[in-house]
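Peer 1: Please work from the sequences and hints to get the whole structure.
There are 2 protein chains.
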Amino acid sequence: MGQSKVNGTNGHHTVNGVNGIDGQHDEDYSSILTRSRPQESYYFTAIEPNSFYGKLRDLYANKVLKTQLEQLKKQGSYDAFSLNWHPAYDIRRLYGGKTRTDGIPPSLFWESDVGKWIEGACYFLSSPDAKQFSHASEFDSAIQELVDMIEKAQQPDGYLNIYFTVVDKEGRFKNLRDLHEMYNAGHLLEAALAHHQYTGSRQFLDVMIRNVDCFINHFGPDQSQLHGYPGHPEFELAILRLYNFTKDQKHFNFAKYLLEARGVTRDDQDGETFFVWEAKQRNDPVLPPTMDTLDDVWYHQAHKPIHEQEDVLGHSVRAFYLLTAAADLGGSFLNDAKRLWTDAVDNKMYATGGFGTEPRFEGFSPLPHHLPQSTGEGGCYAETCASIAVMMTSERILSHQLDGKVRDILELCLLNNVLGGGNLEGNQFSYANKQASWGDEGEIRHDWFEVCCCPPNTSRTLGMLGGYAWTANVEEDKRQINLDIYILLSATRDIPLPNGQIARVKMETEMPWSGKSTWKLDAPEGWTWNVRLPKPDYAENVQISTNIIESDPGFLSVALDHSSTLSQSFDMPVRLLAPHLSTGQDTLTVSRGPIVYTAEAYDNAEIENQHEHFEGVGITSNTAFKENHQVIHGIPVITLHCEQAAFVLNRTELNEPYRSVNQDKPARSWKKLDKGLRFVPWFARANRGGKGHLRTAFLRADEALYQNN
Amino acid sequence: MGQSKVNGTNGHHTVNGVNGIDGQHDEDYSSILTRSRPQESYYFTAIEPNSFYGKLRDLYANKVLKTQLEQLKKQGSYDAFSLNWHPAYDIRRLYGGKTRTDGIPPSLFWESDVGKWIEGACYFLSSPDAKQFSHASEFDSAIQELVDMIEKAQQPDGYLNIYFTVVDKEGRFKNLRDLHEMYNAGHLLEAALAHHQYTGSRQFLDVMIRNVDCFINHFGPDQSQLHGYPGHPEFELAILRLYNFTKDQKHFNFAKYLLEARGVTRDDQDGETFFVWEAKQRNDPVLPPTMDTLDDVWYHQAHKPIHEQEDVLGHSVRAFYLLTAAADLGGSFLNDAKRLWTDAVDNKMYATGGFGTEPRFEGFSPLPHHLPQSTGEGGCYAETCASIAVMMTSERILSHQLDGKVRDILELCLLNNVLGGGNLEGNQFSYANKQASWGDEGEIRHDWFEVCCCPPNTSRTLGMLGGYAWTANVEEDKRQINLDIYILLSATRDIPLPNGQIARVKMETEMPWSGKSTWKLDAPEGWTWNVRLPKPDYAENVQISTNIIESDPGFLSVALDHSSTLSQSFDMPVRLLAPHLSTGQDTLTVSRGPIVYTAEAYDNAEIENQHEHFEGVGITSNTAFKENHQVIHGIPVITLHCEQAAFVLNRTELNEPYRSVNQDKPARSWKKLDKGLRFVPWFARANRGGKGHLRTAFLRADEALYQNN
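In the order they appear, the protein sequences are chains A and B. Start counting the first sequence at 1; every next residue gets the next number (the UniProt record's numbering). Start counting the second sequence at 1; every next residue gets the next number (the UniProt record's numbering).
Note that these hints are calculated values from the structure, not bench results. Hints are supplied without guarantee of correctness; some may be wrong.
Same chains, same label: a pair holds when it works inside one copy or across any pair of copies.
[Stated by the list, open to error] Below 35 angstroms or equal to it, Euclidean Cα-Cα: the simulated DSBU-like pairs (lysine-lysine) are:
no.: 1; residue 1: K506; residue 2: K131
no.: 2; residue 1: K691; residue 2: K304
no.: 3; residue 1: K250; residue 2: K152
no.: 4; residue 1: K304; residue 2: K520
no.: 5; residue 1: K535; residue 2: K626
no.: 6; residue 1: K169; residue 2: K247
no.: 7; residue 1: K671; residue 2: K405
no.: 8; residue 1: K626; residue 2: K169
no.: 9; residue 1: K691; residue 2: K338
no.: 10; residue 1: K665; residue 2: K535
no.: 11; residue 1: K405; residue 2: K665
no.: 12; residue 1: K131; residue 2: K152
no.: 13; residue 1: K174; residue 2: K63
no.: 14; residue 1: K247; residue 2: K405
Peer 2: Okay, here's the thing in structure tokens:
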């Protein structure tokens with residue numbers, strides 16, 4: 001584990017201000033300026049319109065963004081930047097009334113909702129495939145109108161926050177733990193960077209740089225500054241992106257300060273960490289429901305310095321926004337990101353790439369392998385944003401060093417829990433993504449949410465999708481183009497070379513449905529290609545058309561001439577995934593390549609009518625599946641049908657609180673399901689009506705093979 | 001479901017004060033004065049010293065009570081009645097500091113700890129078998145010293161509470177929800193009743209009757225009164241016991257008011273329930289961690305009127321103290337008690353008769369069949385007091401009408417989770433009783449607890465044990481003695497008849513280890529016996545020496561002459577208990593008759609060393625057991641050894657977060673445990689040293705029967 005650089009007195013961990021940062025000579029953070037970033041590299045990627053991902057891009061650009069714009073206008077967040085009063089602000093009714101249990105008004109998140117929409121729209125509009133998007137001019141106008149309002153909403157000192165300008169002027173900078181000022185600023189800053197990339201204008205970006213200056217004026221390591229950091233991380237990663245653009249050391253220092261100050265006690269904060277000190281300044285006796293005492297800030301990942309955090313804890317989205325910045329910064333913080341990423345992925349991840357067991361606080365269970373599948377089993381949350389945040393962290397880790405496991409998780413999250421966060425008609429969304437329904441809780445989708453972070457977050461992720469697919473680094477001295485493939489998708493990418501030359505790569509693939517891919521590589525003479533291709537854990541019988549020169553874990557490296565073709569193929573048989581013993585679950589989850597499957601009532605009405613939520617239904621380890629090509633709302637998918645090996649337990653005998661097992665007959669008797677069991681990709685669930693009854697992990701019914709059926 | 005008698009306006013549920021009580025002509029509560037009660041009937045029961053229960057009584061009378069007296073003196077609660085300051089009071093440090101998360105000082109429970117000790121000691125000292133108890137005179141002196149202090153601690157207006165006399169004089173009667181004034185008074189009142197029975201003196205009882213008057217002066221249904229009731233029920237059941245003694249209608253009315261007022265909104269409380277109204281009066285913004293909003297009082301069973309509560313919710317001990325009073329009162333409240341008892345027993349009970357899944361609030365999971373076995377599985381609490389409270393409720397329900405299921409649960413709780421709340425050396429105790437250990441959490445016992453409700457609660461339960469065994473009602477007109485047996489134990493009971501005559505019954509049994517019992521019944525000529533014997537659900541091949549005249553569910557009725565003998569026998573083969581399907585647990589728990597077994601590291605060191613906490617260990621449905629007679633700290637027990645049918649999963653293959661099941665080999669492979677697996681009775685666990693590693697429910701390993709071992 002990395003060790004925090006501490007330089008303090010009285011046993012407190014203290015950061016030594018700017019000196020401390022300058023003093024860490026052994027940490028090399030320089031790659032932050034050279035690594036490829038998805039938020040920039042999407043810009044060179046034209047996704048093939050008729051491909052799987054192309055159709056999804058079409059859905060998001062032509063339907064989802066439009067839906068979301070309308071919802072933001074309806075919600076009030078669009079107009080909120082005009083700084084007029086809005087009825088939605090009137091929710092300071094924690095005491096005695098019914099409101100969100102954390103007492104946080106939803107309007108406190110409005111900048112982030114709008115920011116992510118702007119960011120996503122700018123990515124789509126500035127992509128090489130933008131011309132096919134029908135609402136381009138409407139989106140362009142909305143963006144400009146919003147940016148104009150945002151500019152006017154900024155206060156003379158650079159401060160920019162609607163709630164603390166309109167509703168609670170005294171509240172500014174008093175509660176970083178709960179009230180999201182830095183979080184909102186982070187999202188607006190990311191939007192401003194995307195806006196600059198789209199328009200070339202610095203209008204929005206300069207607003208946000210002034211806003212960052214306002215924060216820097218108030219917060220930092222010096223005695224004259226408050227030593228705060230965000231209760232909901234995000235600002236850190238946005239500032240690092242800003243630094244990548246501005247190359248201004250002030251921005252680097254501030255982002256690094258935000259990461260270093262977290263969870264650190266300081267003598268000039270009465271030996272407390274910032275959130276404790278800050279709460280005592282407020283003299284506010286109300287603690288959020290996640291906190292038992294003032295220093296109980298594991299939910300905010302501020303219970304310890306990041307270097308000392310061994311377990312990923314608390315709110316899942318906060319955790320991974322923080323780790324995204326840590327991974328991006330690099331050095332010892334990259335170790336922190338890897339360590340906590342590994343804890344999450346190995347011990348706290350659902351099969352669908354979902355994270356977070358506890359709806360009560362949208363976060364991780366502290367217990368490894370405690371992964372209840374539904375409310376009835378004791379929890380399950382798997383917020384869409386959390387999986388997006390894991391994609392972001394994974395991409396940052398990969399950009400330092402290839403690792404097939406990290407790539408696999410990036411792809412798993414994208415194709416399952418992230419993509420599954422919106423329906424395939426482009427007008428409804430999910431926030432929590434439970435693995436199974438329960439009681440009256442159907443896994444249905446919703447038009448919008450009171451706090452609506454996930455839908456525009458998915459849009460911006462799809463907006464920069466090309467950037468997640470690959471990175472290209474040009475080594476001029478070697479006249480070599482290094483191309484690393486993260487996600488197999490059909491697209492063409494231009495790679496600018498020195499002297500205005502262009503290299504071009506065209507990737508064609510049948511993924512995620514079949515493992516056949518080809519690359520056409522075209523560079524000027526004298527240049528060579530060094531390509532690293534994924535070798536996913538789910539792939540069998542991997543074939544490649546050229547010699548492999550070396551392997552990173554889970555990747556294959558090939559060296560190719562300036563103009564070459566390359567092809568790869570692998571098999572993706574259906575795999576049945578069994579969870580860790582300590583989950584207490586003896587179940588099988590159906591997957592095929594990177595796609596995880598679920599069974600829902602729509603395809604299995606007769607079974608589900610009799611066995612609500614598929615309780616007691618199982619499949620055997622030797623299940624064979626029939627594959628069917630289907631199109632759901634225009635998106636091609638492969639569905640699966642287990643015809644012979646689906647069973648259900650005799651429920652009557654298992655309905656006793658405790659029954660004595662009779663030694664003369666099997667403890668559990670299984671009955672074959674005549675029609676078998678049908679599965680759809682997890683991301684395509686809840687798209688065809690119904691009550692949203694579904695299950696993803698089925699009992700392992702191997703016992704049925706030994707019984708007479 | 002019973003329907004609340006409501007008589008209100010504005011749609012509120014309002015109780016109509018004394019008129020409302022008088023107006024309920026259709027409710028018959030008269031049996032409260034005639035039913036046999038364990039707190040009285042123990043007085044006639046001499047438990048055979050050399051029997052199983054006799055040895056336990058010896059342990060409690062000669063060791064446990066002594067240990068507890070010493071601990072109460074050490075803790076400060078003994079001397080607290082002198083009304084001097086004690087350092088333990090200084091815990092008003094909720095804000096910003098580390099303290100109990102509910103902000104309740106442990107000293108707020110001191111009256112209850114001491115009250116239960118006095119009560120238990122009085123039961124032992126006044127039992128027919130008291131002469132064998134070695135510390136009788138020391139206990140007698142301590143009781144008298146305490147009673148003298150308590151008398152002096154009472155305020156001129158009858159108020160009696162140490163904390164609100166010494167520490168927080170302004171706090172009196174301001175927070176019934178959290179601060180336990182009524183709860184403490186209830187325990188002192190029960191102690192006073194026991195003291196009167198032991199000594200014949202009214203000194204303590206009159207103090208407590210004046211204290212009850214003080215409460216009645218302040219609380220009740222009239223406009224001039226506060227309409228409060230306890231946040232921690234107990235007072236209700238104590239007042240009903242008082243009424244049974246005093247026959248004073250005022251006491252009946254007050255107890256009934258406390259039950260009726262609960263969860264009821266009233267116009268003169270601004271249309272709120274009492275706890276909401278009261279909190280608004282305090283203007284106290286701090287909510288306990290179980291509450292999201294002020295009206296969120298499910299934890300206190302005050303979210304609805306009792307008649308409208310469909311699910312047993314909240315703190316398990318509170319719930320069952322409340323239901324004990326409801327069952328005792330009878331009428332429609334008996335229906336409430338039965339309904340909520342059934343929800344608890346059918347849906348929320350551990351195999352050991354433990355209740356409460358959630359350590360966070362010592363209570364029930366709201367989810368039926370959500371019964372994690374350990375912290376690692378997401379919870380488990382099973383507080384000793386909760387099972388005692390279920391015994392109390394069960395006894396009250398039985399006293400209205402025999403029901404074998406209720407009897408079985410009463411016995412299950414007693415012999416497992418209650419008896420298991422103390423070690424067999426008499427000097428250590430458990431509070432939570434988890435079904436399995438996990439991580440660094442061993443199921444070890446402790447000398448004492450900061451809040452120490454359970455140890456003296458167990459003492460008073462063992463103190464009145466004879467009263468739980470049977471009830472005797474004399475029908476003078478028929479010259480018939482009705483004897484109902486609840487618990488099979490070896491004891492002699494005198495039954496006073498009119499004209500000073502005595503009937504006597506001597507019960508001899510080998511229970512809980514063997515199902516052979518005999519009764520010698522001896523009454524004057526002209527009297528007959530109507531005996532109802534338990535026919536437990538676990539009993540097989542039940543034989544009885546005379547004709548059965550009729551059967552209540554789970555009971556056998558026989559009619560016998562004035563002087564008769566009767567014998568019964570049944571088999572108690574080892575039973576393997578499988579839990580409800582919806583627990584998600586495919587496990588087997590070993591039981592034999594009423595005794596539930598557990599496997600602990602002490603007897604299985606080699607296995608547990610390799611498979612910590614016995615994770616991955618299973619037994620098959622056809623397991624045969626070898627029985628061994630052992631003595632643990634003087635208590636005879638039967639231990640079990642599964643020699644042939646214990647297996648363990650190959651852990652390596654199940655340590656992957658998600659592994660793809662290979663169709664060519666079994667999904668889970670089992671290895672036979674060479675030395676088998678040894679079990680001890682649950683109550684006798686954690687008595688022989690070690691780290692307290694144990695497991696109670698084992699994986700069902702039937703699959704191993706089909707694999708080559």
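Peer 1: Of the hints given before, which are not true for this structure?
Peer 2: Violated hints (numbers, rising): 4, 8, 13; every other hint is consistent with the structure.
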